[in-house]
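Student: Each chain, letter by letter, is given below.
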Amino acid sequence: MKNIFQMELKRLLINKLTIALFAIVSIYSYYIMHQEIILGVEGTAPYSKLSFETYIRAIAPLLVIGLLLLVTTLYSKQSKNAKVLFDATQMNKKLYLCIRYFAIILVFAIICLEPLAYAFVVYYRLFHFPFLYD
Amino acid sequence: MKFMKLFQVECKRLLQAPTTWFFFLLASFCPLLGYKAISYIAVATVTDQYLANPFWIGGLACSFLLSILALYTYHRVPKNQMEHILYSVVSPVKLHVIQTFSLFLLGWIWTILIALIYLPYTKTMTANSFSLKEYGTFFFIFYGMTIALMLMMTAFLYNLTNHVDASAIGVALLVLLGLSSWKQLSYLSYLSFVDCCFSSDFGNDSIYRMLSYSRFLWLCIFCGMWLMSLLSIRTREKKWLGSILCNLCKGYLLVPGLLLLGAGGLLFLKQPYIELDGIENYAELETYDESGNYVESQTSDASKNYVESETNDTSKNNVESQTNDESDSNTYDESDTVAGSDTDHVSEDVDTSGGMMAYTYSDKETSSSQTLTHTDIDLHFDCHKGTMTGNATFSLENLSETEQECTLSTALGCEIQSITINDIPTSFIKGNKPDLYSGNNFTFILPATKNLTVRIAYKQTPKMAADGLVNPFCEITPEYIFPTTLVPGFTDVNTDSATYSCNATLPKEMELIVEGIATKQKQANQKGLASWQLHGEGASPFFIAGNYVKLPIQNVDFPVVFYYGKNHQEEFEKLNIEQLLQDTIHYCCDHYGVLPFTEEYPLNIVMTSAHMMGGAAGSNLSYMGESFFSSINLNDQQRGANAREVIAHEIIHQWWGMQAFIMDDEDCCWTPEAFTCYATSRLMEDLYGKSYAEKYYVEKWQKDYQNLQNHFYMQHPQYQSLLSTFDYSQLENLIDTTNVYSMGPLKLKLAEQLVGGEEQMDAVLQNLFEKCQSMELPYITEQDFIDACNLSETQLQLEGENAL
Numbered sequence: 001m002k003n004i005f006q007m008e009l010k011r012l013l014i015n016k017l018t019i020a021l022f023a024i025v026s027i028y029s030y031y032i033m034h035q036e037i038i039l040g041v042e043g044t045a046p047y048s049k050l051s052f053e054t055y056i057r058a059i060a061p062l063l064v065i066g067l068l069l070l071v072t073t074l075y076s077k078q079s080k081n082a083k084v085l086f087d088a089t090q091m092n093k094k095l096y097l098c099i100r101y102f103a104i105i106l107v108f109a110i111i112c113l114e115p116l117a118y119a120f121v122v123y124y125r126l127f128h129f130p131f132l133y134d
Numbered sequence: 001m002k003f004m005k006l007f008q009v010e011c012k013r014l015l016q017a018p019t020t021w022f023f024f025l026l027a028s029f030c031p032l033l034g035y036k037a038i039s040y041i042a043v044a045t046v047t048d049q050y051l052a053n054p055f056w057i058g059g060l061a062c063s064f065l066l067s068i069l070a071l072y073t074y075h076r077v078p079k080n081q082m083e084h085i086l087y088s089v090v091s092p093v094k095l096h097v098i099q100t101f102s103l104f105l106l107g108w109i110w111t112i113l114i115a116l117i118y119l120p121y122t123k124t125m126t127a128n129s130f131s132l133k134e135y136g137t138f139f140f141i142f143y144g145m146t147i148a149l150m151l152m153m154t155a156f157l158y159n160l161t162n163h164v165d166a167s168a169i170g171v172a173l174l175v176l177l178g179l180s181s182w183k184q185l186s187y188l189s190y191l192s193f194v195d196c197c198f199s200s201d202f203g204n205d206s207i208y209r210m211l212s213y214s215r216f217l218w219l220c221i222f223c224g225m226w227l228m229s230l231l232s233i234r235t236r237e238k239k240w241l242g243s244i245l246c247n248l249c250k251g252y253l254l255v256p257g258l259l260l261l262g263a264g265g266l267l268f269l270k271q272p273y274i275e276l277d278g279i280e281n282y283a284e285l286e287t288y289d290e291s292g293n294y295v296e297s298q299t300s301d302a303s304k305n306y307v308e309s310e311t312n313d314t315s316k317n318n319v320e321s322q323t324n325d326e327s328d329s330n331t332y333d334e335s336d337t338v339a340g341s342d343t344d345h346v347s348e349d350v351d352t353s354g355g356m357m358a359y360t361y362s363d364k365e366t367s368s369s370q371t372l373t374h375t376d377i378d379l380h381f382d383c384h385k386g387t388m389t390g391n392a393t394f395s396l397e398n399l400s401e402t403e404q405e406c407t408l409s410t411a412l413g414c415e416i417q418s419i420t421i422n423d424i425p426t427s428f429i430k431g432n433k434p435d436l437y438s439g440n441n442f443t444f445i446l447p448a449t450k451n452l453t454v455r456i457a458y459k460q461t462p463k464m465a466a467d468g469l470v471n472p473f474c475e476i477t478p479e480y481i482f483p484t485t486l487v488p489g490f491t492d493v494n495t496d497s498a499t500y501s502c503n504a505t506l507p508k509e510m511e512l513i514v515e516g517i518a519t520k521q522k523q524a525n526q527k528g529l530a531s532w533q534l535h536g537e538g539a540s541p542f543f544i545a546g547n548y549v550k551l552p553i554q555n556v557d558f559p560v561v562f563y564y565g566k567n568h569q570e571e572f573e574k575l576n577i578e579q580l581l582q583d584t585i586h587y588c589c590d591h592y593g594v595l596p597f598t599e600e601y602p603l604n605i606v607m608t609s610a611h612m613m614g615g616a617a618g619s620n621l622s623y624m625g626e627s628f629f630s631s632i633n634l635n636d637q638q639r640g641a642n643a644r645e646v647i648a649h650e651i652i653h654q655w656w657g658m659q660a661f662i663m664d665d666e667d668c669c670w671t672p673e674a675f676t677c678y679a680t681s682r683l684m685e686d687l688y689g690k691s692y693a694e695k696y697y698v699e700k701w702q703k704d705y706q707n708l709q710n711h712f713y714m715q716h717p718q719y720q721s722l723l724s725t726f727d728y729s730q731l732e733n734l735i736d737t738t739n740v741y742s743m744g745p746l747k748l749k750l751a752e753q754l755v756g757g758e759e760q761m762d763a764v765l766q767n768l769f770e771k772c773q774s775m776e777l778p779y780i781t782e783q784d785f786i787d788a789c790n791l792s793e794t795q796l797q798l799e800g801e802n803a804l
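Sequence order for the protein chains is A and B.
When we follow my numbering, the leftmost residue of the first sequence carries the number 1, and every step to the right adds one.
When we follow my numbering, the leftmost residue of the second sequence carries the number 1, and every step to the right adds one.
In isolation and in its complexed conformation, chain B is listed as follows (with noise of 0.2 Å):
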C-alpha cells in the first residue's frame, strides 16, 4: 500500500478511537491549572494571567499526554499480536514513521482545537492587550513545538527500548531534566520559559525569537535522533544490536539523522542570544585589517603577554579606573600623559529585589589628552530582525599629537564592522569584556593628529549576560525598543563639552523619548518608517521608543510628563493614575525641595516592558516596568504597600537616589532605598492615616528584619559554611535585600523618634538634600546622617544589627 493511503487509514483510526477523545478531554482541560493551581510564572500582567501561565502549563500537559498515547499507539502492535500479520503487509520501519506522523497531526489538531475552545475566554479577559498574531505565536511555540519535541523524544525512546515501561521513564526523565536549571543556557532547554514577566502593552517577539530559536534547535536534535533510532527498529527476529547491523544499509535514515544532528549541535554551539565570555575567560584577541576582516587570533596567554610587556610604562592608574581592576586585557594607554577618564560613564547599581536600579554619573576629573566636540550618529532599527545598525561619527582633537590609543566599550552583542581615521580605514583589536554586563571592548591607534574624525560602523544585536537569567530587557521589537548603548563609547576620551546629533529610523508609531537635555523631530518617512533629529549634550543619546501615550502631569512645581503603553489608557483615566502622580510630587517638593528639571529639561517617568523587572533611574528618566502599572498589581489591596505604592516609591527615587545620593563605603547596606521607603511611608501617612504606614510599612520592617535575626543561619551562623556556594548566595541575598530595604528605614524611623518627631526629622533630611544639591555632600554617608541628626552611632543600632 502506498504510504499516503496507510497514512489516511492511521489517522483515521486514530481520530475514532476512544482513548484519543478521552486524552485529547484531559488535554484540554490542562489550561485551566494554569488560571490559578499551579503558578510557574510570576503573574504580573494579563498576558502573564491568561495566556502564558495556563498556556505553558497547557502545553506541557498535552504534549506529555500525546507521549502517552504514542506509546499505548506503538506498543498496540506487539501487545495484539498483530506484528506477523501486520509485517507482512508494512514494513515496521514505514509502519512506525505513519503511526509518529499520524500522531505529530493528532496533535495538531488538538492544539487547533484548544487554542479555539480559550479563544473567546482569552480574548475577553485580556481586553485590549488581545493580538490574534501573539495568541497564534504562543500556541505555535508552546503547544505546536512542544507537542513535536516531546513525540520525537517518545519515539526515539520507545525504538530504542522497544518497552512502554522504560520509555515512560524515560519521558519522565527527559521532562524532568527539560525543567531543570540549565544555568546561563536556560533558554536553550529544550522545555525552557523565561525568568520576567510577558508584557501585555509592548509585544513580546524578543521572547517568541528566542524560544523559537531553542525549539527549532532541539527539534533538529530529536528529529536527528528520532531517525537514527528508525536503524533500532526491531527486524528479522533479532534484538537491538542485530537490527541496527540489518538496518545500516538504509542511507536514507542515517545520513538525514546526523546532517540534523550535526545542525541542531552547530545551532547550541553558535546561539545568538547569550554572551558567554566571561571577564574569568580570557578571549582571544582576534585582529581585524583595514576593512574589518577578522585577520588573525592570538591566544590567551598571548594577549596576557602583550597587556603586561604594554604596560610596563603606562599609568597603571587609568587601567584600573576604566576596567574594574582584574578585568581586561586591552584597556590600557601607551602614552605617560594620559590619565583615566570615565566622565561618560555609568556605574550601576542593580538592586536585584525588584526595587529601583540607579544609573549615576560620575564626575571624575580627566585629564585625557583626547577631546570628543561632537559625534554624528545614523541609526537604523530592524524591529523584525531585532537588529540596530549604526554609523558613528566622532570629531576628536588629539591635543598631544603623538600616536595615541583608543578604547571603545560597547554593548553586549555590538560588533564593530570598521572604523576609518580622516577617511583611511585602519585596523582595531577585539579584546575581552570587562564585565559580564559589557560587550567587547575595541583598541585601535589614533595618528599624531589634532583634528580626527574618526567614523565607526557597527551592528547590535541585543543579547542577555550569563547570569543565568532569561530576562531579555534590553530589545528591538516592532512595539517597543530599549538598546543598552546605542553607540560605542570612548573608555578615554574627554567628553565634557561634547554634543551629539543623531538621526534614528523608527517604526512611525513609535513615540521617542531622549535622555538629558536635547531637542526632538518627527518627520514622516516612507514604508511605514520616521526619521527622528536629535541634538542635544554628550557623547551620544540614549533614548527608549514605543507605542507610548504621552501625558504631561499639571499643577506640579516642575515640569513631569508621564509615558505609558496605549493599552493602558482607558483602565489609568479610571484609576486616575495623574493624582497619585501629583501627590507624590507634591509631598516630596514640600518636605525635601524642588528638583532642578525644565521645559527643556523635563522629568520623564516612562513606563517599560514587563521584561524588565522592577524599576530604574537616570538623569532625567525615572522607568518602571509595566508591571507596576497592571491592574493587577494596582488593585490588589491585600499586599499593603501595593504597586500604586512602589509608582510613588519608585518617583521618590528622584530625591533620594538621583539627586542626592547616598552611599557609605563602609556599609555596603546605607543606600537610597532606605530614604526612599521611609519617604513613601510617610507619603502614605500623609494619604492614609497614621495607622496604615504602622501596619503596611513599619510593621513590615520590623517583621522582616525580625525574621531574619530568628533565621537559623542567623541564630546558628556555624552552619553557613556548610553550604554550597549557591545556597550560601541565597541566603545572602536575603541579608543584604532585608538590610536594605527594612534595616534602613527601620534606622531612619528610630532616628526620627530620637530627634523629637516627623517634623525634626523632614527638617534634617531637608538640610541633607540641600547640601547635595549644593554638592557641599557629594553623597551621604551613614555618618552624615548621625552627625545631621546630632546622635550618636550607637543610638542609632538596632537591637541585634551587629549579629547580622
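Next up, chain A with everything else stripped away, as it sits in the complex (with noise of 0.2 Å):
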C-alpha cells in the first residue's frame, strides 16, 4: 500500500501540470503581493491580519481551479487505460481510490503551502516576521 502511495504520489509531482500550476501559483503569488499587500490593506500593517487575509482570499480561487486540474488526472486518458489492469488485479478498488484522493490532497497542500511560504520568505525579509511577537 505505501509503495502504491508513493507511486502516485511520485506521478503526480513530476506531472507537467502540478508543475505548471505551482510555476502559475508562484506568479500569481508574487503578482498579489506586490500590487496589493505590501502597501498595507487599509493602511494596516501588510503583516496585518486584514492584510494577510485579503492576500489568501485573492488568491484562494486559483488555488480552487488547480484542485478542479488536479482531480481531472484521476479521469485521464492514460489512467483510463491503466484502470484495465488494475481492474485486473485482487486490490481493493475504494482503497485504491483513496489513495489517489489522499495524493492529489497532499499535492494540492503542497501547492498551497507555496504563496504561504512566499509571504512568510517576504515578510520576514521585510519586517523580520514582527508578527510572532506583536
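Derived by calculation from the structure, the hints in this document are not laboratory data.
Errors might be hidden in some of the hints.
[Unchecked claim] Mimicking EDC-like on lysine to aspartate or glutamate, the simulated pairs with C-alpha atoms at most 16 Å apart in a straight line are: (1) B/522 / B/511; (2) B/566 / B/515; (3) B/463 / B/415; (4) B/703 / A/42; (5) A/77 / B/511; (6) A/16 / B/165.
Two chains, two frames, some hints: make the complex.
Tutor: Following this line, the structure appears as C-alpha cells:
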C-alpha cells in the first residue's frame, strides 16, 4: 500500500500539470503581494490579519481551479487505460481510489503551501516576522 | 469531401451537441456578473453600468468558455481514438481548420444571441443614451473580436502542445498576461480596457477606435501564429519537430503566417494613439525642407552638441523659462536681445485624485523682439477619422530686424506640414518634447524683415501621453470635439495685443463654446456641416464643441451659461440643477464677492465627456466630466458629499483657484482645494444644516487625516525605503491627496475657531479675495493667510502634522 501511495505521489509531483500549477501560483502570489498587499490594506501593516486575509482571499480561487485540474488526472486517458490493468488485480478498488485521493490532497497541500511560504519569506525579509512577537 | 461540405457537417454537429448549448447557457449568464458582482471599471455613467462593465466581463467569459469548448472539440478525435479512420477521409490540417472555422462561426452565433437577449433590458435601462450603433460596435469589439482572438490563441496552443491540459494552462496564462498592466502601452494589450469611464452623452468613438486597432493588431499576430502552428499538426506518426519538417513545404501556410506576423509587428511598432517620446529620451532631430518633406536625421548626441554650441552666447534664462529646465534641445534663442516670454502659455496644475484641474495664465513680463499682431485660422475637423487639419496665418512684427530663431510648440499628435514666410517656403526642425504632455517643438528662422506673414499648415490626430493611463479625453468624434490645442503657439513671441479670426468647420448639430472674450457666428454649410466664424483676443482660440443644450442661469449677479449633453435634458429638468447653480453662485457672491464676468465674457459651465476624469477651470470656462452629472452620482445619498456637491465645489473654484489663486513655494499642499473644500462645506451648512456639514465634510476630513496618521508606513517610516518605486509613488499620492483635500480644509476650520467663528472667517476670506482681485496679492500664500487671520504658524498646526 505504501509503495502504491509513493508511486502515485511521485507520479503526481513530476506531472507537468503540477509543475505548471506551481509556476502559475508562484507568479500570481508575487503579483498579488506586490500589487495589493505590500502597501498594507486599509492603512494596516502588510502583515496584519486584514492584509494577510486579503492575500489569501485573492489566491484562493486560483488554488480551487488548481484542485479541479488535479482531480481531472483521475479521469485522464492514461488513467482510463491503466484502469483496465488495475481492474484485473485483486486490489480493493475503493482503497486504491482513497490512496489516489489522498495523494491529490497532499499535492494540493504542497501547492497551497507555496503562497504561504512566499508571504513568510517576504515578511521575514522586509519586517523580520514582526507578527511573531506582536 | 469538399471543404464547404465538411464545414457544414461540422457546424451542424456543433449546433446539435448538448455541450455547445450548455456552454452557451453559461456564457449567456456571464454579463449578469457585471451588473452587480464584478466591477472592473469605475461605474459612473449608465453606459458604464449597463453596457461597458457587464459586456466586457461577459465578452471575456464567453471567449474563455469558447476556448474550453474548442479544446474539447480538438481533443474529441484523439480521445475517441478515431484519428486513423478520420484522417483517411480528411487530412488533419484540413480537419483542424474546419473545426476552427466552425467554432468561430459558433462564437459569432453566441454573440448575436446574447446581444439579442440583453437588448431590451439594456435599451430600457440606458433610456436616452441607448444607441443601436454603439451597442453593435461594443459587441463587435468586446465579444466578436475577443472571441476570434481567444480562439486563435487556443488553436495555436493546442497545435503546439497537442495536449488539452497544457493548452488550457497556456490559455489561462495568456489571459492573465492580457489583463495585467502593460504600462505605457496598456491599450495595446489583447484584452485591454480603458482607464476612463464610458460616455453616455458624447459618444465613445475614440475608445472604440483605439480598441479596434489593438484587437485587429493582435488578430493579425494570433492568426499568423495559428497559421504557423498548423505546420506542427502531428502527421505520419511523427512528433512535433518531425511534423514541422514534413509540413515545411506547405508554403500556403508559412507565407501568409509570416506576412500576418510581420503586419502585426508593424502595427504594434507604429501604433498611432500614444506618444512614446518622453523627455528622458532625446528624439532624433528631423529636418524638413521647404515643402515639408523629411530631409535628414541627426542623432541625439548631435542634437545635444548643437544646443551646446548654439547656446554659448544666448540667453539661457529663456531656455529655462520655456522648457522646464532640462527638457528640450531646440527651444533656445540665438539673439542676445531676446528674453523669455510665455505670456500665452498655460501652466497646468493637475490633480490626480479627481478634483479640479486649474489652468492658470502667467502674466510674466516679456521683452521679445517679435510681436504677434493677428492670427487667421482655418480649421477643418474630420470627425469620423478623428483628425483636424488647420492653416494658420500669423502676422508678426520682427522689431529687431535681424534674423531670429522661432519655436512653435504643438499639442500631442500635431504634425506641421509646411511653413511659409512672406509666401516663401521655409525649412524647419522638429525637436524634442518639452514634457510628457506636450507635442514636439518645431524651430525655424525668421528673416531680417520687420513685417512678416507666417503661414503654417498642420494636421492633428489627438494622442495620449505615455503616462500609463488609457484616457483619451482629448478627442475628435462625430458627437464631441475637445482638442488639446487648436493652433501651434510661438513660445518666444509677444502676444499681449494679438487678436485672432477663426473659421471652423464642424458638424452642424454641434454647439461651440469658446473661451475668453470672443464673438461667434454660425452659418449652415453643405453636407451636414456648419461654419463658425470666431473673432477674439489672444493668439488663438480655444473651444469645445458637442451636442449641447444651452441653459443661461437666471437671477444671478453675473452672466452664467450652463452647457450640458442633450441626453440629460429631461433628468436635469427633474433635478432642478439650475437651482443648485443659483444657490452656489449666490452664496459665493454674498460671502466673497462678485466675479468679473460680463455679457461679452460670460462664465461658461460646460459638461465634458466622461472620458475626462474630474473637472477643470480656465479663463471663463469651468468644465466638469459627465460623470459628475450622472443620475448615479447625483442620487447617491450614501456618499455624503455627493456629485451634486462636487458640482458646487467646481463652481466655487471660480472664486478660489481662478480669481484668487492659492499657492505656496514652501508648501506644495497649500492649494485652492483647501479653500474650495471649506467653502463647499459652508455652503452645505447653509443649505442642509450644521450637522450635515459636520458629518459629511469635517468628520470625513478628520477621518482621512487620522487614517493617514495611523497608516503603517507613517507610523514606521523606516520601512518606506524598502518599497519599490511604484509602491512608493502610490504612497506619495495618498499623502498628497490627504494633505490637499483633508489637512488643508481642516486648517481652515481650525483658523475659523481661532479667529472667533464663521463670520470672522468670512471677513478674512473676503479680505483676501478682494486683495487678489485688486492685484495687491498675486496669490495667497500660507503666510498671507496666517497674517490675515492674525495668528501664528504654530497656532495653525494640526496634531501630528510635522510627521507627514
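Student: Now tell me, hint by hint, if it's right for this structure.
Tutor: For each hint, the structure was consulted:
no. : hint          : in the structure
1   : B/522 / B/511 : holds, 9 Å
2   : B/566 / B/515 : violated, 21 Å
3   : B/463 / B/415 : holds, 12 Å
4   : B/703 / A/42  : holds, 12 Å
5   : A/77 / B/511  : violated, 67 Å
6   : A/16 / B/165  : holds, 9 Å
Hints 2, 5, counting from the list given before, are not met by this structure.
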